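S.K.: Order-wise, the sequence lines are chains A, B and C. Each residue of the first sequence is one higher than the last, beginning at 14 in the working numbering. Each residue of the second sequence is one higher than the last, beginning at 385 in the working numbering. Each residue of the third sequence is one higher than the last, beginning at 30 in the working numbering.
Rather than coming from a laboratory, the hints here were simulated on the basis of the structure. Predicted, not measured: the structure shown is a model, and the values here were computed from it. All C-beta atoms, glycine included, are put in the ideal place defined by N, C-alpha and C. Among these hints, one or two may not hold up.
[As the list claims (entries may be wrong)] List time: in silico BS3-like cross-link candidates among lysine-lysine, alpha-carbon distance up to 25 angstroms:
| hint | chain 1 | residue 1 | chain 2 | residue 2 |
| --- | --- | --- | --- | --- |
| 1 | B | Lys1066 | B | Lys1265 |
| 2 | B | Lys858 | C | Lys64 |
| 3 | B | Lys858 | A | Lys105 |
| 4 | B | Lys1265 | C | Lys64 |
[As the list claims (entries may be wrong)] Some chain A residues close to chain C (C-beta under 10 angstroms, calculated; not the full set):
| hint | residue |
| --- | --- |
| 5 | Ile63 |
| 6 | Thr151 |
| 7 | Arg153 |
| 8 | Val165 |
| 9 | Asn168 |
| 10 | Thr169 |
| 11 | Asn325 |
| 12 | Gly334 |
| 13 | Lys347 |
[What the hints assert, rightly or not] One side only, chain C facing chain A, incomplete, derived with CB under 7 angstroms:
| hint | residue |
| --- | --- |
| 14 | Arg32 |
| 15 | Asn55 |
| 16 | Ser58 |
| 17 | Leu59 |
| 18 | Phe71 |
| 19 | Arg73 |
| 20 | Lys74 |
| 21 | Phe79 |
| 22 | Asn121 |
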Amino acid sequence: MMPGNHEFYEHSLKLWENLSHELNYNVMFSQRAHVSLFHSPGAKDSVSRIYNIMRLHGTDAELWDLKTLKKKIPHLNYHNSRFPILGAAVQKRAGNARHDAVAWGYARAADTLGVDILQNCEVTGFTRKNGNIESIQTSRGIIKGKKIGFAVAGNTSVLWQMAELGNLPIESHKLQAFVSEAVKPLLDQVVVYGVGGAHFYISQSDKGSMVFGGDLDWYKSYAQRGNLPMVQDVAEAAMAIFPSLGRIRLLRHWAGVMDMTMDGSFFICKTPISNLYLNAGWNYGGFKASPASGWYFADLIANESPHNYVQNHNLERFEKGINIDERGAGPDPKLHG
Amino acid sequence: MKTRRIDNYGKINRDKILSFRWDKKNYTGFEGDTLASALLANKIGIVGRSFKYHRPRGIFSSGVEESGALVTIGSKDRRDPNVRATTQELYNGLEASGQNAFPNVNFDLAGINNYLGRFFAAGFYYKTFMGIPPLEWGKGTAIWMFFEKFIRKAAGMGSASGLPDPDTYEHAHDFCDLIVVGSGPSGVAAAIEAAEKKLDVILVEQDSLIGGNQLAENDFDNSQIKNQLENLGIKIMTRTTAFGLYDNCVVGLLERVTDHISAPNLNIPRQRFWTIRAKHIIVGAGAIERHIAFNNNDIPGVMTVNASKHYLNRYGVLTGKRIAIATNNDSVYETAHQLSEAGADITVLDSRSNFEIETNKNFEIRKGYVPYNINGSKKIHSLDVSKSENMNKYETINCDQVLLSGGWSPAVHLLSHRGVRPKWDYSNACFLPSDSKENITMVGSSRGLWNKNDCIASGIAGTTDALNRLGISKTNYFFPKPGGWKNPIQPLYEVKYKKSRSKSFVDYQHDVTTDDVRLAHREGFISVEHLKRYTTLGMANDQGKMGNIIGLSLMAELLNKEIPEVGTTVFRPPYTPVPIGALSGRNVGKHFRPLRVTPMHQWNIDHGAKMIEVGLYQRPWYYPKENETLSDSYIREASTVRKTVGICDVTSLGKIAIQGPDSTEFLNRIYSNGFSKLQVGKARYGIMLRDDGIVMDDGTSWRLAENEYFMTTSTGEAAKVMSWLEELLQTRWTDLNVNVTSVSEQWAGVSVAGPKSREVLNNCVDDSLVVNNNNLPFMGVTSTFLKGNIPCRIARISFSGELAFEVYVKSDFANTMMDLLWANAKKYDGCLYGLEALGALRVEKGHVTAAELDGRVTIDDAGLSKMASTKKSYIGSAMRKRGVLKNNDREILVGFFPSNLKETFNAGTIVCEKNNIKGQGIGRITSVTYSPELGHWIGLGFVKGGLDKWKDIILVGADPVRNKQMNLKVVSPHMIDPKGERMYA
Amino acid sequence: MIRINCPYCGERDHSEFSYGGDATINYPSLDASEKEWTEAIFFRKNIKGFQFETWHHSNGCRMWLVVERSTVTHEIKSVKPCHPDLQKVVENNK
């Protein structure tokens, strides 16, 4: 809700809207609407604040009352819910995309533009000269470069310390993801909600799988494996709003390592090393930001100074008291969902 | 012949005939059948349609690896899509139907996709549908979204009911020394060995019967084994799948309790999700037979060799009459022999030219031959075969079934869940499990042992390994060497088709062909993980149990590498799909989260309260009289409080007992305001900051004695504050001698507020002197008795701005207290008031709550600067003015009036300057209410620079999501009685 | 499931506990500088491997514990009470 934040994400959405054409690769961005449920008058008021700001920026945003919601998404738990569903805040232009296609489309486009992509190439060290990084040691040899960018979500701290830069306002946590067996179309929107200490999102892939998830596993981890308590929690959250999912079967679950930051916001900034640039700390909102994240990172590296929209997304913001935090949960990385 | 069932074979109970429906027609089977065996017996060949091409699909296997026979079972709200017919036990009245087909699986209109194959090759979606074909003209997402609708409808397999699941599920928990997964020879040997060594053992079997692959043997009888296991005290869990291994030897199990019963008792859960905490895990999960990729290898009638052995010996079903068996290994010959004995006409094509096998003259063995192409579409007419050295020539053999064995893959899935990568074994052409550092041991054919004696030996060795690792024994042991066939296997994954495009299937359900793998390679998707995602190989319901190795071998060939260099994809849990209902157990509907209620919950409801959810609590929202609306009711309640007296349940506030010699020092460090001079018998409002200087919570602390305080916190932050205090005392300030105890549940509290509150209380306490203005001044605290000898604590604290008291009694006395207070309040025309009126009263006074203190607000922002002591250091004092937090253009707490006093507004409204209604605005409204006192709507909120800057300037409230906009006046947040004369009265 | 051997309650599922954070942070004195506090509150080693971390037995005995755990394998090497006096009690009872 800080100035710039909205513009950043709106820019991202605009880039998404034309991404398939720009990359000449169908990333299957489907603007099927992002529907955020609310369960109390107070929650309606707080979400209205955010959606009002979106509207005042010229972005579409609306509230659906219960009647509209029932018509649009008939299968939700309107009758027997522990926390009554009162309505939803909706952004119609938002949606989902095929994440692999996004990665491949970008890789192909980058390759076409002359970018060398080295796969299975692990960074193992840095050679410094006059305070700068002169070259990177990798499992496949030494690479020299004038400018170096870190965009290694999940392992940012590891590289940071390899470059002898000390500590970062980041902890690595794992987030589990869940995919069900494919069924015929059941849900046309992306639905999210948070109540009673639970946080949950769900949508249906074009293939028919329900794709869903919830909270972090609540403890720091670099393991790409989840544990059962959160599997159970997420299943409960699924059933709480979508009781017909009971007979749908979970096909696969795994975990990804997230850069959780101390205030829930990301970093696109310069670093104590003048030719090193940082793009990190995406918590678990990174996917929607991908196009803009790349755009503003490139802008920073090319122009040597951050764009206005990301000028506060640096490592000094904590000492400066600059609050970008969207949840106000305090300096505890696991609390920023 | 109407049936494929033959006499004298099988373990089915032929005395128990079960009737069932398949695609709306009636059929029968026997007790002990699976749906698959019953369908086969009834000569039903086509049971489904594939994902993309809608090709007819038959039954490929007899187990969990099935990727063809996925059917829909049940109807209405009990409809289950995507059920494997091969593991669904038959019951009387079972209703099943084919899926992903219209009108049915025998005649499916979408079968046209089969002829549009070139449009449906791997990854085609990524290259098209972006714009107007063929040049993909256009911008934005509209065209893709137009196509997407049709693609979505065509995709998916079965369709879900969309209705709430009526069944119940259960969570269950258990502990053991050893859990053994799989009841084949190795698992049983391990379990027996362990039980004899006095370990507490659980044996888990996904099938309805124990025995593992021995169930495919003609002369196998498991009753003796079962007795032995039971006598040793082993807990046997059948119809139970170990679906995942987690940290610390925790195993997730799914027990299917009633899925095989025709009319289950609804008091029994349908399934149970078990969490087993073991000290050691032995996995004897068996191995899965692979198929071979060649043209049209998916025509109904294709099956693995071992499956047909199961159907013969377990179910008495001879799956074909003229059977061609294609293999590259020794494992098929016993089956060939038995099928031949049972009356089938057998030809074995073995890709190996030189090997010795004990031949039986009943059938022909064609050495050096491979399957090339199947002729037929809905069923097999014949098979083209060719010499493996020369595939330009082929000959055709007539057959109605083709059985395949391309080798065996040990079920390493569970170990893979632990991140242990398997290693490729060249001599057995399969991945073998690597050793795990955790207490997990693989035994039997899941470690690549192909004969029974080796399996048994490995089971015993596995238990010895477990005993050693658990420190119970130190015994030497060895595992038999992998393998066990007389002749080595000859790798055979694909027989290349020379004509045009081939449909040689690698993954049957997702229609991934060998050409798709080649296409992926051409397009650079050469890493295993990319191959999987690009072609969707291994992402279907079977998660690549049959097809993965074939795909991998093709990629290895294309890359000129060996299979281990290409790698293997990591198998993720669950091993077989688990219903989301089972994972959520009983915590559904109203039981999603526990409900917290105050001890006077029922009393409140009995007295007309409408409740509202506040966190996990339900609290009284308002107490309507007759036809009053929420608005009528809270306005009446708030007015009554200001006029006479009201009673409000405030029990949900957090309550913490703070005791010990350093209690005062402790409070002085955690609150921003000073506590060192608070006298015994007085309370103080306090604000706690977080380490980063932002407001965390507010509340009051009452000094009951020299070293004892009673702290209240907000409802929402109660648990967090409690943990925070414990953390400080146990980790940071370990020198402080203080004890904190949560007493939230022990005390019931009410607020008695209004000009008549003292009189009401006077009538309720034993000694009326204790509440007079001298003995109980503003912020005074006393411990005394309510009438009836009820001990209580009373503090003169006001949230409403009126003369008010908080009264606490032990929870057991809550209702008595309510009766007493209410009886007396009624005498003064008092009321009961709820959260809505409480909110109205506090907004009028400018008191902040969670709506304002949202975790981003400093103590100065909240207009409470005077609560920040400058004489001491406390948590957050170092940080509260860092950087921009000390700027004077921050958003500061103010009150708002609508310029036109007849207008209303909402919380969440953005405050803007009149000629600049856009963007972030300059502030926001956080709480609103109708003020009975002022006679119009009022709000609390924040504006940049605060009251001083905007006094007498008209601002605009923008609320576009609710189609509202209004002019606003900024006022002091203390909208009534700013001097507090009423509180001090 | 991570199983944590609480010195008071015995071995329990991690879901009974709440994860705290890095147990090696030395919080500065309350009147220390903004810089010192910024470092303590916001910056972390974020170790990939064994680390000392705090857990609160929030659904048990309410003790705060120091746990030595691998952030890669989740293996636990040791569990001790945070409070030194409680540590002594546990030591003496061994």
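S.K.: Evaluate each hint against the coordinates.
M.R.: To see whether the hints hold, each was checked on the structure:
1. For the suggested pair Lys1066 of chain B and Lys1265 of chain B, the alpha carbons sit about 30 angstroms apart, so the restraint of at most 25 angstroms is broken.
2. In summary, the hint linking Lys858 of chain B to Lys64 of chain C is not supported, as the alpha carbons are separated by about 56 angstroms, beyond the 25 angstroms threshold.
3. This hinted pair does not check out: Lys858 of chain B and Lys105 of chain A have alpha carbons roughly 66 angstroms apart, beyond 25 angstroms.
4. At roughly 12 angstroms between alpha-carbon atoms, Lys1265 of chain B and Lys64 of chain C fall within 25 angstroms of each other, so this suggested pair holds.
5. Checking Ile63 of chain A against chain C: minimum C-beta separation of about 25 angstroms lies over 10 angstroms; hint violated.
6. Hint status for Thr151 of chain A relative to chain C: violated, with the closest Cβ pair at about 18 angstroms, above 10 angstroms.
7. A least Cβ separation of about 21 angstroms between Arg153 of chain A and chain C goes past the 10 angstroms threshold, and the interface hint is therefore violated.
8. Hint status for Val165 of chain A relative to chain C: violated, with the closest Cβ pair at about 12 angstroms, above 10 angstroms.
9. About 8 angstroms separates the beta-carbon of Asn168 of chain A from the nearest beta-carbon of chain C, less than 10 angstroms, and the hint is met.
10. Annotation: interface hint on Thr169 of chain A holds; nearest CB of chain C at approximately 8 angstroms, less than 10 angstroms.
11. Hint status for Asn325 of chain A: violated, given a least beta-carbon distance of 15 angstroms to chain C, over 10 angstroms.
12. With its C-beta approaching chain C no nearer than about 9 angstroms, Gly334 of chain A sits inside the 10 angstroms limit, and its interface hint holds.
13. Nearest Cβ of chain C to the Cβ of Lys347 of chain A: about 7 angstroms, under the 10 angstroms cut. The hint holds.
14. Taking 7 angstroms as the C-beta cut-off, the interface hint given for Arg32 of chain C is violated, the closest approach to chain A being about 11 angstroms.
15. Contact between Asn55 of chain C and chain A, as hinted, is not supported at the beta carbon level, the nearest pair being about 13 angstroms apart and thus beyond 7 angstroms.
16. A distance limit of 7 angstroms between C-beta atoms decides the matter here; for Ser58 of chain C the minimum to chain A is near 18 angstroms, and the interface restraint is violated.
17. Hint status for Leu59 of chain C: violated, given a least beta-carbon distance of 16 angstroms to chain A, over 7 angstroms.
18. With 7 angstroms as the threshold, the beta carbon of Phe71 of chain C comes within range of chain A, its nearest partner Cβ sitting at about 4 angstroms, so the hint holds.
19. Because the beta carbon of Arg73 of chain C sits about 5 angstroms from the nearest beta carbon in chain A, less than 7 angstroms, this interface hint is met.
20. The beta carbon of Lys74 of chain C comes within 6 angstroms of a beta carbon in chain A, closer than 7 angstroms, and the hint placing it at the interface holds.
21. The beta carbon of Phe79 of chain C is not positioned within 7 angstroms of any beta carbon in chain A (closest approach about 12 angstroms), and the interface hint is therefore violated.
22. The restraint placing Asn121 of chain C at the interface with chain A is violated, with a minimum CB-CB distance near 30 angstroms, outside the 7 angstroms limit.
Hints 1, 2, 3, 5, 6, 7, 8, 11, 14, 15, 16, 17, 21, 22, counting from the list given before, are not met by this structure.
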